[in-house]
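J.: Sequence:
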Amino acid sequence: MIADSQNGALRLVDVAGRISAFASGLGAPVDVVGAPGDVLFVADAQRGVLRVGAEGGAPTVVAYLPGAIGIAVDARKNAYVSQLDARRVVRVTPAGRITAAVDR
Numbered sequence: 260m261i262a263d264s265q266n267g268a269l270r271l272v273d274v275a276g277r278i279s280a281f282a283s284g285l286g287a288p289v290d291v292v293g294a295p296g297d298v299l300f301v302a303d304a305q306r307g308v309l310r311v312g313a314e315g316g317a318p319t320v321v322a323y324l325p326g327a328i329g330i331a332v333d334a335r336k337n338a339y340v341s342q343l344d345a346r347r348v349v350r351v352t353p354a355g356r357i358t359a360a361v362d363r
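Convert by adding 259 to the 1-based position in the sequence shown; the result is the number in the working numbering.
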């Protein structure tokens, strides 16, 4: 999976090296990670934390976090997001609740 920031999309690369559109309508995706339940979470520098189903399609905003540049997800689908401008890491629950995980 490729986060295509310039075109606001996710691209899928198959084993033969062919690239295809997977999801569009994102702002500026910079990182993507798989999570339990066939879900992808995306760190989007413009829109925050996005969720995309395993079949692709339109993203859902989980939490608005401008400057999101990195993401990891635990087994409970809590997303840990690094924010460049805020210089912090936050935890975002599946319900969208945001709490500080690591602060300067």
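Be a bit skeptical, because a hint or two may be false.
Cβ-Cβ distance ranges computed for the label pairs, FRET-style [unchecked claim]: (1) V292 x R346: 18 to 24 Å; (2) D273 x V320: 39 to 45 Å; (3) D333 x V272: 23 to 29 Å.
Because the hints were derived from the structure by calculation, they are not lab data. Even for Gly, the Cβ is constructed at its ideal location relative to N, Cα and C.
J.: If a hint holds in the structure, say so; if it doesn't, say that too.
T.: Results of checking the hints against the structure:
no.: 1; hint: V292 x R346: 18 to 24 Å; verdict: holds (21 Å)
no.: 2; hint: D273 x V320: 39 to 45 Å; verdict: violated (28 Å)
no.: 3; hint: D333 x V272: 23 to 29 Å; verdict: holds (26 Å)
The earlier numbered hint that this structure contradicts is number 2, and it is the only one.
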